[in-house]
Amino acid sequence: MLTMAEAVREAMSIAFDERPEVFLLGEDVGIYGGAFGVSADMYHRYGAERVLDTPIAELGIVGAAVGAALAGMRPIVEIQFSDFTAQAMDQIANQAAKIHFMLGGALHVPMVLRTPQGSGTGAAAQHSQNLEPWFASVPGLKVVVPSNPADAKGLLLSAIDDPNPVIFLEHKLLYKIPGRDSVPVGSGRIPLGVAKVVREGKDLTIVATGIMVNKSWEVCEKLAAEGISITLIDPRTISPLDMQPVYESVEKTGRLLVVQEGPSHAGFINEVIAQMAGSSSFGSLIAPIKRLAGMNIPIPYAPQLEKAAVPQIEDIEIAARDIVKNWR
Amino acid sequence: MSFKYPVVMPKMSMTMETGELIGYHVKAGDSVKTGDVLFEVMTDKIDMEVEAPADGVIESLVAEPGAVIDIGKPVLIMLTETQIMAFDFSGDEAPVVAQPVALAVVEAPVPAPAVVLNNDVKAVPKARVEAAKRGIDLRTIQPTGPDRTIMMADINSAQADPAVRKRQSANKALIAKGIAMGREIPQSSFSRSVSTNFDHARLISSWARILRSRPDLSIRPQVGVAVIIESKYGSALPVFKDPDLMSLADLTSLISSTSSAAVNGKVPLEMLSGATTTIFDLTSYSMNAATPLLFPNQITSVTVGYESATTRNISLTIDLRYCDFYDGAQLLDALAASL
Numbered sequence: 002m003l004t005m006a007e008a009v010r011e012a013m014s015i016a017f018d019e020r021p022e023v024f025l026l027g028e029d030v031g032i033y034g035g036a037f038g039v040s041a042d043m044y045h046r047y048g049a050e051r052v053l054d055t056p057i058a059e060l061g062i063v064g065a066a067v068g069a070a071l072a073g074m075r076p077i078v079e080i081q082f083s084d085f086t087a088q089a090m091d092q093i094a095n096q097a098a099k100i101h102f103m104l105g106g107a108l109h110v111p112m113v114l115r116t117p118q119g120s121g122t123g124a125a126a127q128h129s130q131n132l133e134p135w136f137a138s139v140p141g142l143k144v145v146v147p148s149n150p151a152d153a154k155g156l157l158l159s160a161i162d163d164p165n166p167v168i169f170l171e172h173k174l175l176y177k178i179p180g181r182d183s184v185p186v187g188s189g190r191i192p193l194g195v196a197k198v199v200r201e202g203k204d205l206t207i208v209a210t211g212i213m214v215n216k217s218w219e220v221c222e223k224l225a226a227e228g229i230s231i232t233l234i235d236p237r238t239i240s241p242l243d244m245q246p247v248y249e250s251v252e253k254t255g256r257l258l259v260v261q262e263g264p265s266h267a268g269f270i271n272e273v274i275a276q277m278a279g280s281s282s283f284g285s286l287i288a289p290i291k292r293l294a295g296m297n298i299p300i301p302y303a304p305q306l307e308k309a310a311v312p313q314i315e316d317i318e319i320a321a322r323d324i325v326k327n328w329r
Numbered sequence: 111m112s113f114k115y116p117v118v119m120p121k122m123s124m125t126m127e128t129g130e131l132i133g134y135h136v137k138a139g140d141s142v143k144t145g146d147v148l149f150e151v152m153t154d155k156i157d158m159e160v161e162a163p164a165d166g167v168i169e170s171l172v173a174e175p176g177a178v179i180d181i182g183k184p185v186l187i188m189l190t191e192t193q194i195m196a197f198d199f200s201g202d203e204a205p206v207v208a209q210p211v212a213l214a215v216v217e218a219p220v221p222a223p224a225v226v227l228n229n230d231v232k233a234v235p236k237a238r239v240e241a242a243k244r245g246i247d248l249r250t251i252q253p254t255g256p257d258r259t260i261m262m263a264d265i266n267s268a269q270a271d272p273a274v275r276k277r278q279s280a281n282k283a284l285i286a287k288g289i290a291m292g293r294e295i296p297q298s299s300f301s302r303s304v305s306t307n308f309d310h311a312r313l314i315s316s317w318a319r320i321l322r323s324r325p326d327l328s329i330r331p332q333v334g335v336a337v338i339i340e341s342k343y344g345s346a347l348p349v350f351k352d353p354d355l356m357s358l359a360d361l362t363s364l365i366s367s368t369s370s371a372a373v374n375g376k377v378p379l380e381m382l383s384g385a386t387t388t389i390f391d392l393t394s395y396s397m398n399a400a401t402p403l404l405f406p407n408q409i410t411s412v413t414v415g416y417e418s419a420t421t422r423n424i425s426l427t428i429d430l431r432y433c434d435f436y437d438g439a440q441l442l443d444a445l446a447a448s449l
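For the record, the sequence lines run as chains A and B. With the numbering used here as the guide, the letters of the first sequence map in order to residues 2 to 329. With the numbering used here as the guide, the letters of the second sequence map in order to residues 111 to 449.
Everything labelled a hint here was simulated from the structure, so no lab data went into it. The beta carbon of each residue, even a glycine, is placed where N, CA and C say it ideally should be. Treat the hints loosely; a few may be bogus.
Stated by the list, open to error - Computed spacing ranges between beta-carbons, pair by pair:
1) A:Glu201 with B:Pro253: 25 to 35 Å
2) B:Ala359 with A:Asn327: 41 to 51 Å
3) A:Arg200 with B:Ile132: 54 to 64 Å
4) B:Arg302 with A:Ser265: 51 to 61 Å
As the list claims (entries may be wrong) - Residues of chain A clear of chain B, computed beta-carbon distances all greater than 12 Å:
5) Asp18
6) Gly38
7) Tyr47
8) Gly141
9) Leu174
10) Lys223
11) His266
12) Glu272
13) Ser285
14) Asp323
Please work from the sequences and hints to get the whole structure.
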């Protein structure tokens, strides 16, 4: 069973083999094999021309990638921690996302920016954020948040194929975890903008992103033993967002719980709630929509506080059980 | 055996004192089924059709169309084969005539069918959608959700079949009346723990055998054990006659078939009377004790409660006019020993 780091590497390798214009650049992605070992031996397999170690200068890295993309290449940028994208935000939000529109469609930027995010590694406030709403609120960017190795592989291949800039947010804690489903062999793509119904139930719909899909799965298993059956939906791509399965599920269950790791205030998952509230499926709700998200604080360094700052399995379990028991 | 059953002017609102009989839909001698319209009445607020509470035959029409009748006064008399009550107050005496007090509460106020906006109540979105679809005024719904919010469960329970609701309230009124009569009996209760598991069949059979050995403690020669079970129309009390003379296997299957029939509101007529004692098993509700209540013409009543995984609490109430304290203690000990 491949881990997510291995699945991402496999997808990059397939793309490298399929298209000569695909290359990887970033800090320590070459000889060192990447901050989290994702590119590993790719430097040795593909050489320094296609796996580029760069200086510590995120704005320059992304700027180089945008330029290369405009010139017909398909760069994959790795930023060591998603927190560091702040340094590169002008190139991401003002250049990569806008050029296609501002030039009347004459050029496009087929760039993928991969970056690890999330808490749980004791890396404190500047290395632990979930910044997906930064990117999801910029039109012109596509944003992918994979929750398992198989999806990561298929989605990354689609991201590399895509003519638009795609931000690919990988949760650090998922890198070393094999998925429940094995990673398919070959170069199969998973289309962007298609949510996945991970499991189906009749009592509650949970929409969760990234690592929260895994935590919610544990809750689904546990509550199934209590006779509570849950539909779990992983949007996979948060921009564009596929709400159709969420509507269809809520029309059956009448109850919706949304879960993300990032802070609750103005978080991505609020978009799911807003679209549900404005949809024709609203009238199917038999319970108030419940949101679980991180606290509105910088991620603490102390391990206990770091854990307490974001939803854990027990939190999801309690919320799920309460909704089903209290709203009939 | 037929029962005379006066169908009375129903109370349809808190302020209603009289109603005008618009007209009859039946005549003397007609056979009617439960739910058939018998007559129509009019008040200052609403017109409504009054339905037959049970299958039967119309014996006589009491009032003239156009008459103004006090609530609770008979409008017609029916003869029914089914006693509406689920137990027998009367022993071997005259047939029971249901009392107006029981029937006065039969008709629940009917919600106005007008569609209103219901902006002044809290309700989940689906409840609003369903209320509009079904023509329910949300202000008439009792909210049981968090923060006094109307949930779908509230809508659904309010929408229970009116005929069923009518039977439920009649049933409650009759049981309440029976218990009220039983309260006048001088009585005493005992409790003890038994460390064993037993099923209904064993409990019913053992208790019947003990009572049979004490004919001095019975008003009637046979033993009839009424068992309180849930039915579509509320509590039902089917009577198992001489259960100690049946095999446990036969009794088990009779209990099972009776329980499933009762869920649908169908207790065989022959099981509606002849009780000499009553058993109420609380274990399935995780309750550990309740004082057994005496019904009229019964000298004993037993409840069984859940105490722990391996122990049960059994309680006995006795009628002190027939049974002294010593007899009561002996009966309860004998029951504990037999389980």
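Verification of the supplied hints:
Between A:Glu201 and B:Pro253 the Cβ separation comes to about 31 Å, which falls inside the hinted range of 25 to 35 Å. A beta carbon spacing of about 44 Å between B:Ala359 and A:Asn327 agrees with the range 41 to 51 Å that was offered as a hint. For the pair A:Arg200 and B:Ile132, the beta carbons lie near 59 Å from each other, so the given range of 54 to 64 Å is met. Under the hint 51 to 61 Å, the C-beta atoms of B:Arg302 and A:Ser265, about 56 Å apart, fit the expected range.
Chain B leaves A:Asp18 outside its interface by the beta-carbon criterion, the shortest separation being 52 Å against a cut-off of 12 Å. The beta carbon of A:Gly38 is kept farther than 12 Å from every beta carbon of chain B, the shortest such distance being approximately 48 Å. Consistency note on A:Tyr47: stated as away from chain B, and its beta-carbon is indeed over 12 Å from all of that chain's, at 55 Å minimum. The claim that A:Gly141 is not at the interface with chain B holds, since no C-beta of that chain comes within 12 Å of its own (minimum 34 Å).
In this structure A:Leu174 is separated from chain B by more than 12 Å, as the shortest Cβ-Cβ distance comes to about 34 Å. Separation of A:Lys223 from chain B is adequate, the least Cβ-Cβ distance of about 23 Å exceeding the 12 Å criterion. No Cβ of chain B approaches the Cβ of A:His266 within 12 Å, the least distance being about 24 Å, so the stated non-interface status holds. Every CB of chain B is more than 12 Å from the CB of A:Glu272 (nearest about 19 Å), matching its label as outside the interface.
Not every CB of chain B lies more than 12 Å from the CB of A:Ser285, the least distance being 6 Å, so the non-interface label is violated. Annotated as non-interface, A:Asp323 brings its C-beta within 12 Å of a C-beta of chain B; the closest such distance is 9 Å.
Hints 13 and 14 from the list above are not met by this structure, while the remaining hints are.
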